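Asks: Sequence:
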Amino acid sequence: MTDFFFYLFSTIALASAAAVVLSRNTVNAAMFLIVCFLSMASLFVLLEAYFLAVIQVLVYAGAVVVLFLFIIMLLDVREDAKRKLSPFTAGAGLVGFAILVMGIIAVVSSDSIKATSEVLPEPSGASLKAFGNELFTTYLLPMQVTGFLLLVAMIGVIVLSKKLQEPEEQS
Numbered sequence: 001m002t003d004f005f006f007y008l009f010s011t012i013a014l015a016s017a018a019a020v021v022l023s024r025n026t027v028n029a030a031m032f033l034i035v036c037f038l039s040m041a042s043l044f045v046l047l048e049a050y051f052l053a054v055i056q057v058l059v060y061a062g063a064v065v066v067l068f069l070f071i072i073m074l075l076d077v078r079e080d081a082k083r084k085l086s087p088f089t090a091g092a093g094l095v096g097f098a099i100l101v102m103g104i105i106a107v108v109s110s111d112s113i114k115a116t117s118e119v120l121p122e123p124s125g126a127s128l129k130a131f132g133n134e135l136f137t138t139y140l141l142p143m144q145v146t147g148f149l150l151l152v153a154m155i156g157v158i159v160l161s162k163k164l165q166e167p168e169e170q171s
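With this note's numbering applied, the sequence shown corresponds to residues 1 to 171, in that order.
Keep in mind the hints are simulated off the structure, nothing from the lab.
There could be a bad hint or two in this list.
Stated by the list, open to error - Distance ranges between label pairs, derived from CB positions:
no.	residue 1	residue 2	range
1	130	88	42 to 52 Å
2	142	88	30 to 40 Å
3	130	73	18 to 28 Å
4	154	1	41 to 51 Å
5	134	160	17 to 27 Å
6	75	109	36 to 46 Å
In this text the structure is predicted, and so the values were computed from the model without any measurement.
No residue lacks a Cβ here, since even glycine has one placed at the ideal position from N, Cα and C.
With these hints in hand, go ahead and build the complete structure from the sequences.
Replies: And the structure:
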């Protein structure tokens, strides 16, 4: 039964991720992104990684997608303002797709991936307290840099969303 749910949630994740990329409406793309994040959280539940599943739902499906929706609404992109696909963008997309295909082929053809039935030992000493301690001691600088980058992105969105007001002509 676990295999059925794995294939179900994997298919939902792949289909919704493809819908995010292929959707022309940005709000629909954000909704498909929520579906993708929720299916990934379901996969974490199947792996019995409940903490990661909760973090996936709270942080990504909750906060990040809401931030994306605010950005979409603040920028107020109109249909006539959308640009057509330039040759440079199409070329960059093809190069990125080629790199992706080569990476998948390299992983699939690798001999280091073996199907074994070994049972992994239980992790000793892994706890939420140790995770939090490492996060706010060893990785404190990357956490602060990430927060600063999010602040800069938010200020950038506010600046971009401001409409330029034309000065009134005096006669």
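Asks: Which of the numbered hints above does this structure break?
Replies: Violated hints (numbers, rising): 3 and 5; every other hint is consistent with the structure.
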